Amino acid sequence: MLVSFLSAYAESSMFLLSNLAADGIENPHLRYGGDYWGAFDEAHDLIGVAAHYSNGNVIVQLPEPSGRQAVLTALRQHMTRPVAGVIGPDAEVVDALRVLDPGPIGFAINRGETLFSLSVGRLAMPAPRPEHVSVTHWSNVDQELLHAWLLVYRREAMGQKPTSALEKAVAAEVRDPDALERFVLLVNDVPVALAGFNARLPEMLQLGSVFTPPEHRSRGYARYLIGQMLHTSFGQGVKKVILFTNDLAAERAYRSLGFAPIGDYRLAIFNEPTSLT
63 MLVSFLSAYA ESSMFLLSNL AADGIENPHL RYGGDYWGAF DEAHDLIGVA AHYSNGNVIV
123 QLPEPSGRQA VLTALRQHMT RPVAGVIGPD AEVVDALRVL DPGPIGFAIN RGETLFSLSV
183 GRLAMPAPRP EHVSVTHWSN VDQELLHAWL LVYRREAMGQ KPTSALEKAV AAEVRDPDAL
243 ERFVLLVNDV PVALAGFNAR LPEMLQLGSV FTPPEHRSRG YARYLIGQML HTSFGQGVKK
303 VILFTNDLAA ERAYRSLGFA PIGDYRLAIF NEPTSLT
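In my numbering, the protein residues as written are 63 to 339.
Since the hints were derived computationally from the structure, they do not count as laboratory data. Where hints are given, some of them may not hold.
Unchecked claim - Computed beta-carbon distance windows for the label pairs:
1. E88 x D251: 43 to 53 Å
2. H140 x N250: 47 to 57 Å
3. E218 x P239: 14 to 24 Å
4. G168 x H209: 50 to 60 Å
5. S196 x D107: 42 to 52 Å
6. G297 x G168: 17 to 27 Å
7. E104 x A136: 32 to 42 Å
Computed from a predicted structure; not experimentally measured. Glycine included, every Cβ here is placed at the ideal spot set by N, Cα and C.
My request is simple: use the sequences and hints to build the entire structure.
So, in structure tokens, the structure goes:
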């Protein structure tokens, strides 16, 4: 029932669906596990869901206002771990923040994003590069370089401050590079851009963690890397790729690849995880 409901809103439910595929609904302490709350109508059909994951993020798919308040109230009353942030369709996250009421904790980021989609057959491949270029899995790249890149990415994209906790989190991420599906573009054997997929279904992917270090920006490297990644993925049977962004320069690059806007999304990440019970 849960997967069927979410599949009707797949483009804005990629984290929920991918996490369910990875660790199911009954394993809240696993990497992609969480606690789930649902809203049901009079016919006992599921009309909304909110999940609180092991990393602290609350992710919502609550399209029906009639069930939204009840789910969010139950979540607030019964959650068993601190909340790191709220993610999902824009209006639903705004309502969730009102009900969850995090108080004065403050946000690292709290911003609306545009949700984009690209279907198979619509990819506009970037022009060939004049340099020698290749794409490699990020596990093949120097870990110290990746660590430095991810610290800048976390600061710029996620609003995170340089703390010892962030250093440890990034170090753990880099030590286990096979856990995340990320790729690096090499130009003349020099790493110049990073991109990855942060949610996966058999026929749909969500693009995320796109980063170009400052010294290599404005050269089209990330766009070229993404084009190569999508070309490979579509060739392997993927039918659609989703992403969200609030960066105008990135939006222009995505549109040039064939992505089109389909909705509004929101990331609301707290300065630090906080208990709301």
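- request: May I ask which of the numbered hints given earlier this structure violates, with the numbers listed in increasing order?
  value: Numbers 4, 6 and 7 - these are the hints that the structure violates, sorted from lowest upward.
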